[in-house]
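Enquirer: So the protein sequences, as listed, match chains A and B. Counting from 1, one number per residue, gives the positions in the first sequence under the working numbering. Counting from 1, one number per residue, gives the positions in the second sequence under the working numbering.
Hints are computed from structural coordinates only; laboratory data are not their basis. There's no promise every hint is true.
A partial selection of chain B residues facing chain A, derived with a Cβ cut-off under 10 Å [stated by the list, open to error]:
(1) E37
(2) H40
(3) S43
(4) Y44
(5) P45
(6) N72
(7) F74
(8) F80
(9) G88
(10) V89
(11) L92
(12) S108
(13) I112
(14) L116
(15) K125
(16) A162
Note that beta-carbon positions come from the ideal geometry of N, C-alpha and C, so glycine has one too.
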Amino acid sequence: MMESREIQSILPHRYPFLLVDRILEIEPGKRGMGIKNLTGGEWFFQGQRTYPPTLLLESLAQVGGIVLGSKAREENPRGQFVGLFAGVSDFQFQRYPVMGEVITLKVVATQSLASLYRFAAEVLVGGEKIASGQILLSFVQNPSEEPGRRPAEKK
Amino acid sequence: MLHYHPGHSLGDANCIRRLNITNGENAGWAERKKWEELFHRLSYPFPTLMVDRVEEVEREKKIKAIKWITANEFYLAGHFPGQPIVPGVLTLEGMIQSALILVGESFSRGKIGGYLQKVDRVRFKRAIIPGDWVEFLVSLTGKEGDLWTFKGKAQVDEETAAEAILVLKVMIREVGFEL
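Produce the complete structure using the sequences and hints provided.
Expert: Have a look at this one:
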């Protein structure tokens with residue numbers, strides 16, 4: 001199990017964009033299962049009580065980032081790595097999670113090609129599957145550039 | 001009368017001509033207010049409108065909307081500290097909201113709801129950083145019953161930053177009067 005402090009040592013995300021609370025099961029590089037509690041005080045619950053579907057995708061991507069990041073940590077405890085959200089495929093929402101629920105975020109690595117990693121992702125609430133699809137992350141170890149830095153402008 | 005907002009770095013004459021700002025001082029604000037109200041009527045679960053201006057909208061066809069990105073946006077504090085990059089999912093949110101505004105504009109009466117049923121072929125291609133302005137280009141590509149399919153693109157400086165296919169379930173929740 002991995003608590004928030006350890007999660008924050010792997011992910012660079014912080015408030016208001018750290019969208020996973022705890023990792024319950026993890027096989028570095030292969031699969032992970034995390035949870036996020038949806039409580040009334042959160043910024044996206046202003047005037048409504050539904051967890052926005054786009055943020056649900058981000059939660060899953062962050063669990064994926066932890067799966068890849070913890071593998072990189074295992075291989076090289078001091079190494080640097082950069083993960084970025086690269087895409088989503090065929091993702092269906094049966095319903096949206098609401099305030100007061102605990103969402104379970106499951107990801108399983110299915111394929112990797114160069115620095116791109118594909119995951120099968122699933123969101124459950126109390127055992128009921130409410131959304132599923134595939135997410136794509138790009139993950140680079142020992143990057144020569146800072147994350148998100150654009151390639152030099154063309155002149 | 002054409003009112004030019006100095007904060008909105010619209011250098012070339014074409015950009016200025018395309019905006020239909022006509023009623024002086026509060027036009028920009030009033031226009032945003034209008035889209036905000038339309039967006040809230042669609043009861044989509046996101047607290048804020050991720051679109052600053054709608055430049056073109058053609059009922060049941062396509063929409064072009066713009067969002068300016070500034071370092072002052074609250075979510076950039078955590079994504080990432082000291083290195084602000086607009087989260088890809090919020091770019092996706094902008095495309096979804098543009099599609100919803102298009103749905104809202106396509107009905108002249110009643111209360112409409114939009115439910116995001118599916119996203120597919122989403123690709124985040126380029127980082128968006130403070131100082132950029134993002135164009136959301138969304139067009140309706142198909143309708144099957146209450147499912148509307150859209151193709152969306154987010155552009156920065158004519159370069160694709162993200163693309164997506166969106167499927168919205170459009171519900172008429174109340175048959176109302178002319179809005």
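Enquirer: If a hint holds in the structure, say so; if it does not, say that too.
Expert: Each hint tested on the structure:
{"no.": "1", "hint": "E37", "in the structure": "violated (13 Å)"}
{"no.": "2", "hint": "H40", "in the structure": "holds (8 Å)"}
{"no.": "3", "hint": "S43", "in the structure": "holds (8 Å)"}
{"no.": "4", "hint": "Y44", "in the structure": "holds (8 Å)"}
{"no.": "5", "hint": "P45", "in the structure": "holds (3 Å)"}
{"no.": "6", "hint": "N72", "in the structure": "violated (14 Å)"}
{"no.": "7", "hint": "F74", "in the structure": "holds (6 Å)"}
{"no.": "8", "hint": "F80", "in the structure": "holds (5 Å)"}
{"no.": "9", "hint": "G88", "in the structure": "holds (4 Å)"}
{"no.": "10", "hint": "V89", "in the structure": "holds (4 Å)"}
{"no.": "11", "hint": "L92", "in the structure": "holds (5 Å)"}
{"no.": "12", "hint": "S108", "in the structure": "violated (25 Å)"}
{"no.": "13", "hint": "I112", "in the structure": "violated (16 Å)"}
{"no.": "14", "hint": "L116", "in the structure": "holds (5 Å)"}
{"no.": "15", "hint": "K125", "in the structure": "holds (9 Å)"}
{"no.": "16", "hint": "A162", "in the structure": "holds (9 Å)"}
Checked against the numbered hints listed earlier, the structure breaks hints 1, 6, 12, 13; every other hint is satisfied.
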